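Engineer: Chains as they are written, first to last, in this note's numbering: chain A, 1 to 427; chain B, 1 to 244; chain C, 1 to 403.
It should be emphasised that the hints constitute simulated quantities derived from the structure, not laboratory data.
Any given hint could turn out to be false.
[Claimed, not checked] Lysine-lysine pairs mimicking DSBU-like chemistry, simulated, CA-CA at most 35 Å apart:
| no. | chain 1 | residue 1 | chain 2 | residue 2 |
| --- | --- | --- | --- | --- |
| 1 | A | Lys128 | C | Lys153 |
| 2 | A | Lys101 | A | Lys144 |
| 3 | B | Lys98 | C | Lys62 |
[What the hints assert, rightly or not] Here are some chain C residues pointing at chain A (derived, C-beta under 10 Å):
| no. | residue |
| --- | --- |
| 4 | Ser23 |
| 5 | Ile271 |
| 6 | Ile280 |
| 7 | Ile389 |
| 8 | Leu392 |
Here the structure is a predicted model, which means the values were calculated and not measured.
Think of the CB as a built atom: it goes at the ideal place given N, C-alpha and C, for glycine as much as any other residue.
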Amino acid sequence: MIEFSHSKSLRKGNRTIYMKLFLKLAWRNVWRNKRRWIITFLAIAFAVFLTVLMRGIQLGTYDYYIKAISGSYAGLIQIQKEGYLENPSLRKSFIYSDKLKEILTSNSDIIAYAPRLYAEVLISSGGKSYGGVIYGVDPSSELKFSEFHRRIKEGRFLNPDSMGEIVIGDKLFKNLQISIGDKIILLGQGFDGALWDMKFKVVGRIKLGYTELDNTVIFMNLKDAQEFLSCENRVTNILILLSSIDKIPSVKASLSQELKDYGLAVLSWEETMPEFKQSIDFDNATGILFLFFLIVIVAFGIFNTVSMSVLERSNEFGICLAIGFKNKDLVLIVLFEVIFIALIGILFGNFLGFLFNYYLVKNPINLGGKYIAVYEEFGFEPKFTSSLKPRIFINTTLSMLFISIVFSLFPLYKLYKLEPLKGIRFT
Amino acid sequence: MQVLISVLILINCLYAQTPYEIIRRSEEKIKGKTSYGVIEMVVSTQEFTRTIRMEGWWVGNEKALIEIKYPKKEAGNKTLKIKNELWMYLRNTESLIKIPPSMMLQSWNGSDFTYDDLVRETNLERDYDMRILSSSDTINAALTWKIELIPKPETPVAWAKIIYWVRKEDYLPARIDYYDERGNLVRYMEFYDIKVLHERKLPTRWVMYNNIEKGRKTEVRLIDIKFDIKINDRIFSLKELEKR
Amino acid sequence: MLLKLAWRNIWRNKRRTLVVLTSVVVGVVALLLVDTLSVGMLKQMVDNQINYHISHIQIHRKGFSEDKAIEKHIKDYLKVDSVLSSYSQIKIYSKRVISYGLINSAYSSSGVLIVGVEPWVEKDFTMISKSIVQGRYISSDGEILIGLKLAEKLNLKIGDRAVLMVSDLNGNLISNVFRVVGIYQSPSVNFDKVYIYITLKDAQNLFNLGDSVSEFAILLYKAELVNSFKEELSKALGDEYEILTYFEIGPFIRIMIDMYMEFIWIYYLIIGVAVMFGVINIMLMSIFERVKEFGVLKALGMKDSKIFSLIVLESLLIGSLGTLIGLLFGFILYVPLSRSGINLGVFSESLALFGSGRIIYPVLTPFTLFLLLFTMPFISFIASIYPGIKSLRLKPIDALKYI
Chain A
1 MIEFSHSKSL RKGNRTIYMK LFLKLAWRNV WRNKRRWIIT FLAIAFAVFL TVLMRGIQLG
61 TYDYYIKAIS GSYAGLIQIQ KEGYLENPSL RKSFIYSDKL KEILTSNSDI IAYAPRLYAE
121 VLISSGGKSY GGVIYGVDPS SELKFSEFHR RIKEGRFLNP DSMGEIVIGD KLFKNLQISI
181 GDKIILLGQG FDGALWDMKF KVVGRIKLGY TELDNTVIFM NLKDAQEFLS CENRVTNILI
241 LLSSIDKIPS VKASLSQELK DYGLAVLSWE ETMPEFKQSI DFDNATGILF LFFLIVIVAF
301 GIFNTVSMSV LERSNEFGIC LAIGFKNKDL VLIVLFEVIF IALIGILFGN FLGFLFNYYL
361 VKNPINLGGK YIAVYEEFGF EPKFTSSLKP RIFINTTLSM LFISIVFSLF PLYKLYKLEP
421 LKGIRFT
Chain B
1 MQVLISVLIL INCLYAQTPY EIIRRSEEKI KGKTSYGVIE MVVSTQEFTR TIRMEGWWVG
61 NEKALIEIKY PKKEAGNKTL KIKNELWMYL RNTESLIKIP PSMMLQSWNG SDFTYDDLVR
121 ETNLERDYDM RILSSSDTIN AALTWKIELI PKPETPVAWA KIIYWVRKED YLPARIDYYD
181 ERGNLVRYME FYDIKVLHER KLPTRWVMYN NIEKGRKTEV RLIDIKFDIK INDRIFSLKE
241 LEKR
Chain C
1 MLLKLAWRNI WRNKRRTLVV LTSVVVGVVA LLLVDTLSVG MLKQMVDNQI NYHISHIQIH
61 RKGFSEDKAI EKHIKDYLKV DSVLSSYSQI KIYSKRVISY GLINSAYSSS GVLIVGVEPW
121 VEKDFTMISK SIVQGRYISS DGEILIGLKL AEKLNLKIGD RAVLMVSDLN GNLISNVFRV
181 VGIYQSPSVN FDKVYIYITL KDAQNLFNLG DSVSEFAILL YKAELVNSFK EELSKALGDE
241 YEILTYFEIG PFIRIMIDMY MEFIWIYYLI IGVAVMFGVI NIMLMSIFER VKEFGVLKAL
301 GMKDSKIFSL IVLESLLIGS LGTLIGLLFG FILYVPLSRS GINLGVFSES LALFGSGRII
361 YPVLTPFTLF LLLFTMPFIS FIASIYPGIK SLRLKPIDAL KYI
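Working from the sequences, and respecting the hints, build out all of it.
Structural biologist: Now the structure itself:
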């Protein structure tokens, strides 16, 4: 039987005592009819688990792809001269000063940075000439950065002390009909406007995967490029890698501040690779939409169960009302019941989700088989990994809780309006 | 009475000039069947100023050979045009490169002239419709004819209109404006420093101003120029490029 | 008989049944939208590739696709022409000259891919003629059609002159002037920047090709026959030619289609399970309410199997009814959407990258329809098993106790 204090005077007094009482009642009510709640609990746990899992996979895999793609090609953050993005040209190069290096090394979130010099040139061998793009890179910086040395198909990549050596793209190599070790001629317009030609030795053939790149890319040592193009100590881009993707906004802001006077712009990968960003946004949006539907479907179940539970206890509630409980007290009790169940389900779902996500983070799934072609084509392995970002768990919990309460509002309202006699007479 | 009128008409006909004639005479002043020149070119942009000195031989519009003499880095580089083919000999690597179309429209040595400018066979009379716009404009204190040139439909040029000012006193060109389809001035060239070189009177400083990138211009100074001299045809061959 | 009973039973508690029905409806609609949109997007990507340029099959001289050099033109074009005209599977084929060149305006120049076509054939062949944003398609010599992005870069408008400069078959630099008569916009920005169109004759003159061509592009009546037809053609034409299907030219899409096929069932499964919880829930509720009833029925001799079937039927009815209503609602949403498409302008750049365009038209395939019709009833069938078994465990005596 229910114990309560029947003195009205006490009611005016200590609210917390009543709260504790209601909580206790709610808790006991839940366990009174395990069977009724168990399905709902399972459904909530299922929805939460799946949401946590799917969001984990989405966010974790995005981070992986961002690192893989923008890491090699655009860096998470990039420094360029203002105006270079719209109109790339050698004229918009900037000095790679010691001051600049100092600013970069002093920032603890920056784990690696690679200076690069890009320029359009003519590459020629035995009468055949093609347009190409020089990628002047610093091999030792690049090792930490990109995986270029792994994409070599023939020969080798550049060494830190390489001089007069180049590595060219697969398709370009084939078009020129040369072999490793051959010397070819590069003709380009330097920073000073002068046309300059030089011979270089081809030491490697690289396949990056994107046709436009393999058709034109010519890797050479940064120092070589600077000399060839009369660009003493100048670069066109600096690619930056951070300790974590989440640091991008703060590092970008602080760098922009420090570099403002140099006429340099600091861009994130989202600005240098907008199509990529939007692909991610698109996938993200569709994922969230899908999960929303999922939670709503489960919420219908909650509605039914709460309705049922209220209806079944109409008799009991009627009696409670008759002996002095107020409607809003009952509403509060049932609300607590809903919250308890939701929380248990959420907790369990989160826990399971956490386990799976943790496992995936440690052991990402490689999509093998036919997806190897993706690696060949685009240069990264398609795989699924996950993420343990707190906001995944927090957002899911809040959404589920919120929806559960919202979908219980109708039966709660009915309870709020319940008249004691009507309740008692209900069989 | 009638005789007087007819004589007057006749005299008028004798002295009336069509724009074609004016242009032709102007072009003839700065061209010849063959020519040899020592030229200095100065390119000024917002970032740098560069000076190149070169020696050139031209046979009409068919053949041209230009050798760079200064600065040292580029000295010895040669550009050879034979009819429709354009070649470059690069001294440093001792290599011969045929210029593909993609390079043709890049600026030649960073100047405001493109390779296309260099080698295009220009025949204004043949390619353009002309008419005189005014006879009283003054350019650099000289009275000029202002002539409008509209390219004929088949002419492979991207300009929609060229305005050519010819000095009345000596038929030398004073200024040339290049316009796009919408009447925007894209670039213009002015002629200064008229001197007599080897019995030819002509402007020895030509400056091409870039109207899109303000502050950018290319100046061509004729240090020496000879017309209609005998030029050994042999120099216009690929073999010769490599030898010298 | 049993059916009638089942039907009446489910409506005994209207509100509860309606709520579950709604969840089934929501599930079906959600799946319908997600599936049709994904399929629509994929189909558009493929179609755009095919319709804008690639068509089903392309024939070149072997090695042409590597660098599109003009020297690799099809010398024996007459033979190929006659071979192709003998096939009835071919809906239409087009001759093209394709090679690189430079386009020059008063302001700027840009590297382009010059495509020489026969306007009257090509007009119905590709979607380019339907994507004109300014001016019109080319119809005679001297005219040129360029992409919007290129027009912007070169500051070209309708009626302007543009000069094309190429290195012809003999290595000579040839230039010719053209008039811009039209500007098109395709779903792919990268395409617009590079592909320009002139007449076949103009291109042949420009490159000094005589009557020869670089490519034969073919559209079949039935896209599915592409691979087998390619085999036939290879045999008929021999080794000097490369014959490529649109899959080989654009592998990226293939990968995306494969991924879709592999993962779409997961979505169905997830929604299915979510709905299943709801159905199990009310079925359990309902049998516990009818304990008395089942007791009486059993005492009267009703077989276990019949009771079990009753439960299953009730569940199936809910699932099927929900599916039907869901499909109805789904269609009401789908039909206008399939006509007007969903504008995803926000994602325009990445969609341009995928080549699907920014308006996505959902597409309903028979496969999707089958999945939708089948899933919920199946789920509700599975959902009914546990309650069904539970109902069997009720012994008549225990049941009667509840009275």
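Engineer: The structure should be examined with respect to each hint, and the outcome stated for every one.
Structural biologist: Checked hints:
1. The hinted pair formed by Lys128 of chain A and Lys153 of chain C meets the criterion: a straight-line CA distance of about 29 Å does not exceed 35 Å.
2. Proposed proximity of Lys101 of chain A and Lys144 of chain A is supported: the alpha carbons are some 16 Å apart, at most 35 Å.
3. A threshold of 35 Å between alpha carbons decides the hint, and for Lys98 of chain B with Lys62 of chain C the separation of about 26 Å falls inside it, so the pair holds.
4. Below 10 Å, beta-carbon pairs count as interface contacts, and Ser23 of chain C has one with chain A at about 4 Å; its hint therefore holds.
5. Hint on Ile271 of chain C holds. Least Cβ distance to chain A is approximately 7 Å, under the 10 Å limit.
6. Contact between Ile280 of chain C and chain A, as hinted, is supported at the beta carbon level, the nearest pair being about 6 Å apart and thus within 10 Å.
7. Restraint check, Ile389 of chain C versus chain A: the minimum CB separation of about 15 Å is more than 10 Å; hint violated.
8. The closest approach between the C-beta of Leu392 of chain C and any C-beta of chain A is roughly 17 Å, which is over the 10 Å cut-off, so the hint fails.
Hints 7, 8 from the list above are not met by this structure, while the remaining hints are.
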